[in-house]
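**Q** Given next are the chains, with one letter for each unit.
There are 2 protein chains.
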Amino acid sequence: MSTSSGPDRSPRVTARYWIETAHPLEEAAAIMAGEQSTGTFVRVAGETEELRERFGARVESLVETGEAAAPSLPGASAPKSTPGLWRRAEVTLSWPLHNFGPSLPNLLAAIAGNLWELKPFSGMRLLDLSLPPQFLERYRGPQFGIAGTRSLTGVHGRPLIGTIIKPSVGLSPEATAERVADIARAGIDFVKDDELQADGPHCPFEDRLRAVMRVLDEHADRTGKRVMYAVNITGEIDEMLRRHDRVVAERNTCVMVSLNSIGLPALAALRAHGQVAIHGHRNGWGLLGRSPAIGMSFIAWQKLWRLAGIDHVHVNGLGNKFCESDESVLASARECLTPMFAPPQRGCEVMPVFSSGQSALQAPATYRALGSIDLIHACGGGIMGHPGGIAAGVRSLHQAWEAAVRGTPLAEYARTHRELAEALAAFGR
Amino acid sequence: MSTSSGPDRSPRVTARYWIETAHPLEEAAAIMAGEQSTGTFVRVAGETEELRERFGARVESLVETGEAAAPSLPGASAPKSTPGLWRRAEVTLSWPLHNFGPSLPNLLAAIAGNLWELKPFSGMRLLDLSLPPQFLERYRGPQFGIAGTRSLTGVHGRPLIGTIIKPSVGLSPEATAERVADIARAGIDFVKDDELQADGPHCPFEDRLRAVMRVLDEHADRTGKRVMYAVNITGEIDEMLRRHDRVVAERNTCVMVSLNSIGLPALAALRAHGQVAIHGHRNGWGLLGRSPAIGMSFIAWQKLWRLAGIDHVHVNGLGNKFCESDESVLASARECLTPMFAPPQRGCEVMPVFSSGQSALQAPATYRALGSIDLIHACGGGIMGHPGGIAAGVRSLHQAWEAAVRGTPLAEYARTHRELAEALAAFGR
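Protein chains in written order, with the working numbering: chain A, 5 to 433; chain B, 5 to 433.
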């Protein structure tokens, strides 16, 4: 999507939507544009043509994509002239930046505010958005991103191999650290808390961090390898900043936050304050993204968070145990690696995190579809449940990615790589 | 909903959901509880019975409510044993508070995290939640609420009558102040910015606040009446706190924020810092709440924000121009006035804000259904478009509420109240 300049030369924000409506498409698109900029439902005193020209949102394109036999959402209006005809379309709107300035929270009110309650629509999804580079002057984007994450972990030439501490809830700080010790010894690059584990009274944040870092420091002293620990600091803003500082004091290199739980301003505050990589957990995303009739695509959603400062973000995984299709997972991951702004501006690329039901098996298809090794491949059972043990699980992932990059079928590579062979036998379907 | 104590005496959080699934209902409910507490899809090492007992979420109740011919959402799994049968149910889960502690962002990961991506479900809505009073020790709830808002405005014995500054976008600070001067002279109690108007370069926050407050100060000096101005301070956290302090310095009594744009931690930070009423704008709520197949009810949503510290929240209005039914609007408003905690705990009641297509006409039905005058009745065209002018518009609202409270039909009361009669003629349908 391109960002054009208006007649008054204000840079413009563009947003593309999927809509469903029984109203004439041009009328429906004009209602969206009016309601989200100068207008209310009816023209009011003081709303002059000049004001409309300077501040009105514009319909940049409108493409009909199909029809529906029935409205996807209840409560929509239908003109008497076209009973029973619900049409679908993609519409692109643009706003002059001077309506809200380069402010993500105020951008949201325009591109994702009252729209979903507008009566003429029986379906509404925000598909994509494009922001002018003024947002990059205001927001910081990823501090570490792909190159920085590789530098912090010392992992080059292959994906980072990661895992998640389980059970999700109930381990004491000491029990957590014991798990992490086993995982570190196995050669893992990256380990993360579960999103359900932050600062519950049975496993207080500070105690867990200290216990885990004692283990990871010992491991680094012994091996020279610093495992990145995405420790869940999700909480109130003062708590997150304080926890971040404890993370720095303990020489850890990463914090994790549940993005939908904290909001964009809290992330921006953490990023402004932060000295370590920010691992963005997307839990709650299904509420926004799963329905084809309502919501926001991951494509649009992740742009907001990248600008605000995440370095990694979850994209689910191929053959995952959730309800998302592989095609959708890959589109999400590709987008994380696609620049948001053209050079010489920063692209704000972030590392996609593949997880959920992952093992050595998914490496070839992931690599073929993504064309990149810049990702975190997070496996739970695919590493911890390897018949040869955790270290064999990690090695099976290394081998699978070697095979994937070489274009050698896994079964063939497995002939000379025992841990991969064991993984195929254990996890193959 | 009640909050029971577990066998280990930890207070519990309960949440009620609407679900749709092709799996046996008991199995589906158990998957929800497991995934959002101790479990992953499969039992892992270390997940003992004792740990399940202490940390597992529990299914408190499960009531089948109907069947669906087809899945409401794509991507759901169906067991081969029950092809084509999609059942709907209400399920109540409970979590021990010690899983996450009294932390709203971490509560969200449990009650509204990965749930919407779980494969066995073709529909999922969070309907309600109940929190133990430990949350009240951590969060502050409304600082002003209903009594405080009445005290700040000096309005007693009737709803606050409010209006919205239009056009939404494009007025200069001076033009905004001129509008507000007219509105104040007309006898309004409350005036608010549009959610699209915060700090755009054409109408910078500080200039707008200063210009409007000059007008409102003059009005207060002249009349003794202090109009409450819900000035939109939505932005990054440091911006919002700074703007709040400017609001206090200018002796204004209210700030407005777009809740979904800023997130719970930012609101809690504003509340902790704040000295004025917080007007919560719900724009973006449609994305969460409109679909019957996915999302979160306003009932559940507003509890989170009340705890975090709003004093007012938008509930739409009867006969509104959006897609919401009157029944839904009234349920939302009633909930705002219903205590979240039992005495001697604070109830955290907030003022519901009725808006969208409002005029004198809706007063009787609103009062009959709500049984309360504790609300802000915000009218745009219903005041500004009154044939007798703005002051007549405000008086027509006063008269309509007098009639409503007395139980006198509007048409009858209008015989002796000219402005009401004019409103009925202009806005009657």
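Treat the hints with care, since some could be wrong.
Unchecked claim - For each label pair, taking beta carbons as the anchor points, the in silico distance ranges come out as:
| id | chain 1 | residue 1 | chain 2 | residue 2 | range |
| --- | --- | --- | --- | --- | --- |
| 1 | B | A74 | A | D186 | 41 to 49 Å |
| 2 | B | E54 | A | A224 | 32 to 40 Å |
| 3 | B | K84 | A | S155 | 29 to 37 Å |
| 4 | B | R350 | A | D225 | 50 to 58 Å |
| 5 | B | K84 | A | D186 | 55 to 63 Å |
| 6 | A | G88 | B | E222 | 52 to 60 Å |
| 7 | A | V252 | B | K84 | 46 to 54 Å |
| 8 | B | A74 | A | G375 | 32 to 40 Å |
| 9 | B | E54 | A | A346 | 51 to 59 Å |
Stated by the list, open to error - A partial selection of chain A residues facing chain B, derived with a Cβ cut-off under 7 Å:
| id | residue |
| --- | --- |
| 10 | F59 |
| 11 | A116 |
| 12 | G117 |
| 13 | Q147 |
| 14 | A202 |
| 15 | I298 |
Claimed, not checked - Here chain B is said to cover these stretches of chain A; the calculated rule only asks that three of the stretch's residues, wherever they fall, bring their Cβ under 8 Å from a Cβ of chain B:
| id | segment |
| --- | --- |
| 16 | 169–179 |
| 17 | 222–230 |
| 18 | 289–295 |
| 19 | 305–312 |
| 20 | 366–379 |
| 21 | 393–404 |
It should be emphasised that the hints constitute simulated quantities derived from the structure, not laboratory data. The beta carbon of each residue, even a glycine, is placed where N, CA and C say it ideally should be.
**Q** Against this structure, judge whether each hint is valid.
**A** Status of each hint after checking the structure:
no.	hint	verdict
1	B:A74 x A:D186: 41 to 49 Å	46 Å, holds
2	B:E54 x A:A224: 32 to 40 Å	34 Å, holds
3	B:K84 x A:S155: 29 to 37 Å	50 Å, violated
4	B:R350 x A:D225: 50 to 58 Å	52 Å, holds
5	B:K84 x A:D186: 55 to 63 Å	38 Å, violated
6	A:G88 x B:E222: 52 to 60 Å	57 Å, holds
7	A:V252 x B:K84: 46 to 54 Å	53 Å, holds
8	B:A74 x A:G375: 32 to 40 Å	37 Å, holds
9	B:E54 x A:A346: 51 to 59 Å	57 Å, holds
10	F59	4 Å, holds
11	A116	6 Å, holds
12	G117	4 Å, holds
13	Q147	17 Å, violated
14	A202	5 Å, holds
15	I298	5 Å, holds
16	169–179	holds (count 7)
17	222–230	violated (count 0)
18	289–295	holds (count 6)
19	305–312	violated (count 0)
20	366–379	violated (count 0)
21	393–404	violated (count 0)
In summary, the structure is inconsistent with hints 3, 5, 13, 17, 19, 20 and 21 from the numbered list given earlier, while agreeing with the others.
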